[in-house]
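**Q** Residues per chain, in single letters:
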Amino acid sequence: MQDTSENEKTTTGATACLPIKNEHMDNLFIAASPSSPEVDFRFDERRLSLKGESYPENAAQFWGDIITALRRFLTEDTDSAAVTVNVALAYFNSSSTKMLFSLFGALNDKAKAGTGTGTEIVLNWYHDEDDDTIFEFGQELMEDFPDLVFNDHAVKS
Amino acid sequence: MSGMNNIQKQWDDFHSYVERRDVIFYYVGYFSQTIIAAMADAVKLRVEHAGAVAQTRRKLFSSFIEMAQNIVHYSADSYEKEGNSEASMRHGAVFISLTDDRYYLHCANPVNADVAEKLREKLEHLRSLTIDEIKLEYKETLRAETPADSKGAGLGFLTMARDASAPLEFELSPATADDNGNGTSMFYLRATI
Chain C
201 MQDTSENEKT TTGATACLPI KNEHMDNLFI AASPSSPEVD FRFDERRLSL KGESYPENAA
261 QFWGDIITAL RRFLTEDTDS AAVTVNVALA YFNSSSTKML FSLFGALNDK AKAGTGTGTE
321 IVLNWYHDED DDTIFEFGQE LMEDFPDLVF NDHAVKS
Chain V
13 MSGMNNIQKQ WDDFHSYVER RDVIFYYVGY FSQTIIAAMA DAVKLRVEHA GAVAQTRRKL
73 FSSFIEMAQN IVHYSADSYE KEGNSEASMR HGAVFISLTD DRYYLHCANP VNADVAEKLR
133 EKLEHLRSLT IDEIKLEYKE TLRAETPADS KGAGLGFLTM ARDASAPLEF ELSPATADDN
193 GNGTSMFYLR ATI
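Protein chains in written order, with the working numbering: chain C, 201 to 357; chain V, 13 to 205.
In short, the hints are calculated from the structure, not lab data. Using N, Cα and C, we set each Cβ at its ideal position, and we do this for glycine too. Fair warning: there could be bad hints in the mix.
[What the hints assert, rightly or not] Pairs of lysine-lysine residues, derived as DSS-like cross-links and limited to a Cα-Cα distance of at most 30 Å, are as follows:
| id | chain 1 | residue 1 | chain 2 | residue 2 |
| --- | --- | --- | --- | --- |
| 1 | C | K356 | V | K147 |
| 2 | C | K356 | V | K151 |
| 3 | V | K151 | C | K310 |
| 4 | C | K310 | V | K147 |
| 5 | V | K56 | C | K356 |
| 6 | C | K251 | V | K147 |
[What the hints assert, rightly or not] These stretches of chain C come out as covered by chain V in the derived footprint (C-beta under 8 Å, 3 or more residues):
| id | segment |
| --- | --- |
| 7 | 249 to 258 |
| 8 | 286 to 298 |
| 9 | 325 to 333 |
[Claimed, not checked] Chain V stretches covered by chain C per the calculated footprint, using a threshold of three residues with CB under 8 Å from any CB of chain C:
| id | segment |
| --- | --- |
| 10 | 30 to 40 |
| 11 | 55 to 64 |
| 12 | 147 to 155 |
Work the whole structure out from these sequences, hints included.
**A** Quick look at the structure:
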């Protein structure tokens, strides 16, 4: 409890488990674990990235906290510059799939709200070139969230 | 010397059974998130070594995780460490066999009577669907509200059904009543990849 960010965390109450400040948005970094991806949300650079595998014990909680931080950024953000989202997830389990859908839904809402004012959200969707499952999930996202600029990237294995 | 021969004999018996049943991976015991993550590594290596192509490896891995996490979430046999209710540890078993280039993923765990009925309903329904209907239902469930009693967003069995090359097979043993009169069945599931 010596460091100040720890104290600020506790004052935010509901979001105590994430390093979020009241005044301005801190970046969010969560290191990869054997069953959860690296989360590197550099809100200040408007660059968000997800990398690795996702099958945490409680996907609703893991992704729920991340979505809360993301929504807060999207709500507070007034800059009109584009936001780039890089997603390179090699595997996600069924409960993570559901949560990812909500995450991209939140981004799409922001892109939609920004129509005319110029907030562009670019989603770079990386997958192994022969991974049909992840490719197809990207196609689902593209269909459901048309306000995102979706770029499919097939990576050679 | 006779002691050593005896140890070797036990191994030979065990190995010949494993080989006869085409078993390439087997685990029985408690399942926790840490154990699953370690096994996931072992399964990846094992199926790679067995020569499965990338797409098959991914499907096997996916179904393995869904099965193992089902055990952590739904097995009726839980391990409670004293003073620690945080980590879920539930008893179950998984094995993977490889016969004529087809992989079979099996899992087994005890379930309470109410869970057993839901599993039966869900799996009988899935078994009645074509692969296109499974994909459609997957898409619908992805966009629907999560059922309150589900930890896997209702997508777990749909994911396994989607990845399998044949309908999911299951059996439930007749319920045995415990001391409190609550029935428990063994739930067996097999996915063909």
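**Q** Work down the list of hints and note, for each, if the structure agrees.
**A** For each hint, the structure was consulted:
Between C/K356 and V/K147 the CA atoms are separated by roughly 26 Å; this keeps the pair inside 30 Å, and the hint holds. Between C/K356 and V/K151 the alpha-carbon distance is near 27 Å, which keeps this suggested pair within the 30 Å criterion. Among the hinted pairs, V/K151 with C/K310 is consistent with the structure: their alpha-carbon atoms are about 23 Å apart, no more than 30 Å. A hinted pair counts as satisfied when its Cα atoms are at most 30 Å apart, and C/K310 with V/K147 qualifies at roughly 29 Å.
Distance check on the hinted pair: V/K56 and C/K356 sit about 19 Å apart at the alpha-carbon level, within 30 Å; holds. For the hint linking C/K251 to V/K147, the alpha-carbon distance of about 26 Å falls within 30 Å, and the restraint holds. With 4 residues having a beta carbon nearer than 8 Å to a beta carbon of chain V, the segment 249 to 258 of chain C meets the requirement of three or more and the stated coverage holds. Counting residues of the segment 286 to 298 of chain C whose CB lies closer than 8 Å to any CB of chain V gives 6, so the stated coverage by that chain holds, three being the minimum.
Look at the segment 325 to 333 of chain C against chain V: 5 of its residues bring a Cβ nearer than 8 Å to a Cβ of that chain, three or more, so the hint holds. Interface restraint, the segment 30 to 40 of chain V with chain C: violated (0 residues with C-beta to C-beta distance below 8 Å; minimum three). Only residues whose beta carbon comes within less than 8 Å of a beta carbon in chain C count, and the segment 55 to 64 of chain V has 0; fewer than three means the coverage is violated. Taking a C-beta to C-beta cut-off of 8 Å, the segment 147 to 155 of chain V contributes 3 residues in contact with chain C, enough for the three needed, and the coverage statement holds.
In this structure, the earlier hints numbered 10 and 11 are contradicted, and the remaining ones agree with it.
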